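Got chain R; can you put chain C on it based on the hints?
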Amino acid sequence: MLFRTLPAALATLLLGAISLTACDDDDQPATVTTGKLNFELENVVGAQSLAFGTPYATLAGDPFSVTKFSYILSNFKLTKADGSVWAEPESYHLIKQSDAGSRNFTIADIPPGDYTGLTFTIGVDAARNTAGAQTGALAQDNDMYWDWNSGYIFLKLEGTSTQSRTGVFTYHVGGFKDPYNSLRTVALPLPAGVTALQVSTTKTPELHLKADVQRLFAGRYPVRLAQMITTGHGADSSAVKLAINYAAGMFRIDHVHNGD
Amino acid sequence: MLAGLLMAGCHPDADVLTSPEAVPGSVVPANFPPPAYGPEQNPPDRASFELGRSLFYDPLLSRDSTVSCGTCHRQADAFADAGRRLSVGVQGRLGARNAPPLQNLRWRRTLMWDGAVSHIEVLPLAPLSNAQEMGETLPHVLAKLNRHPSYPARFARLYGPGPITSYQLLRTLAQFTAALTSADSRYDHYVRHEAGGTLSSAELRGLTTFRAQCASCHATDLFTDETYRNNGLDGRFPQDSGRAHITGRAAERGLFKVPSLRNVALTAPYMHDGRLQTLAEVLDHYDHGVVASATLDPLLRRPDGHLGLALDARQRTDLLAFLQTLTDDSFLHNPQLAPPR
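Top to bottom, those sequences are chains R and C. Those letters in the first sequence? Residues 1 to 260, per this note's numbering, in order. Those letters in the second sequence? Residues 1 to 341, per this note's numbering, in order.
Next up, chain R with everything else stripped away, as it sits in the complex (with noise of 0.2 Å):
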């Protein structure tokens, strides 16, 4: 049997038409049929903004500075009151304190409607942590993959601390299989006084999460700076720890304004 010998190039044309379409929303074409939603990213740590190189201390007192805090967010659900869930299409989300232009994302081609319930994944499930070479928020030059025992680190976070003996900690978090899967799904409650996030053709509701690192260190499994410098380059269970931490608080929606 011969195989399909389709160009890669036009392979590639076809693939770049069709996210062209579906990224083109600037230019709204006569019937708009869907809505979208703006997420605003706002890492801190506890009351105060992330900045680099910021003295802060942990719950437990360790002080810390942070020199690197990154993440990547997929598969966004939002679900109305009926209980219909609706799954944004390849969805991907790289977060880093670096770069803040990738604190702000839209999620478009929403149907319109009032949603009730938001989940996301912190991390990159296993069928595309396995499924080879990939663009944009999965581009494996993101600084956000692992090179040998392949696969995505799901959340980077690097700084200083006179606890750490060498000075520095660094944890990289990452891992879909079991025993040491670090893959985390969270639903994030909408804030007192909102009842929906209002989706409609022609208003798009401005999510504000805020990220806390405190999260990291603090939860079922408290991190003291003095004894975790450091994760494996790998999946491993200090992975696994840092993912239940952080997943049982670091995000919430601060506030939502609805649109006007």
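Watch out, some of these pointers could steer you wrong.
[Said to hold, decoys possible] The calculated DSS-like cross-link candidates involving lysine-lysine, where the alpha carbons are at most 27 Å apart (straight line), are:
hint, chain 1, residue 1, chain 2, residue 2
1, R, Lys80, R, Lys241
2, R, Lys156, R, Lys80
3, R, Lys80, R, Lys210
4, R, Lys36, R, Lys80
5, C, Lys144, R, Lys80
6, C, Lys144, R, Lys96
Bear in mind the hints are in silico, worked out from the structure with no lab data behind them. Since we're looking at a predicted model, the values are computed, not measured.
Same frame as chain R, but now just chain C:
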């Protein structure tokens, strides 16, 4: 615009004119199971294949431009590094393992001796970034390619204008690595009932012994069942715990990928660390060298309590004869797989 590119796609370029044959590996051998990396996932294409081939043989991909993929994976050795126990990378640095042959990678569900890599397209990231191999980083390799006199134009012909991306580099290298199909040995002709497929009586007896003793692990016409097993080389695994290093499971300590045995006569030394020099030594190992450990494969424990596979002298001679029939000269000498001129 689409029409324009379609036309460009139909215009044969110089490479096609000089080598009119199909892209190597474009045909699924009749005696092979369905591939894991089917051609529809990265359709074989002449210009992409030739670009992948240039990259595979280009030492630019290493930190000091001394080592290419082809340095450790040589066509004459079925893309293994015959004669070297452990691979040698930039500045003569010694790696931890024996460079395996690269063949029939389309059928590999996981790659490397321990299955560390999940997909053929991302495999190059491991040697590129390994300090003992090419000592590079992906962003830096991309920067070098983007500054190169000819690569940007060659990529642009395939992917359109713009800088070369990691996706383009990885997909293109996979065009070459996926093309390394070896299915034209005398054994293949024998099982496919083709001309030239005659095995001597010693080779046939060897095949019978092989099917009885070895094919439970070295299974199918790929000669591997793609599992990880402990074939009894060691009792403890302080240096290299194999599969357990990747999965973290103690029950997988000392397990390594069952390697294919295609072209095995050319890929000495053998095993993940190249510890055995000859095929005769390999057979000695299976006959009386197997060492007990908690993870030793049950197939290598005999009911009478002895370890290994009982192979008498005659069976060993026959097996050695049979293993020679797996040599695929057309693969080893295919000019399309050689370094580009």
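Taking the hints in turn, this is what the structure says about them:
1. R:Lys80 / R:Lys241: 32 Å, violated
2. R:Lys156 / R:Lys80: 33 Å, violated
3. R:Lys80 / R:Lys210: OK: R:Lys80 and R:Lys210 at ~23 Å, within 27 Å.
4. R:Lys36 / R:Lys80: Holds, at roughly 15 Å.
5. C:Lys144 / R:Lys80: 50 Å, violated
6. C:Lys144 / R:Lys96: 25 Å, holds
The structure fails hints 1, 2, 5 (numbered hints given earlier, in ascending order).
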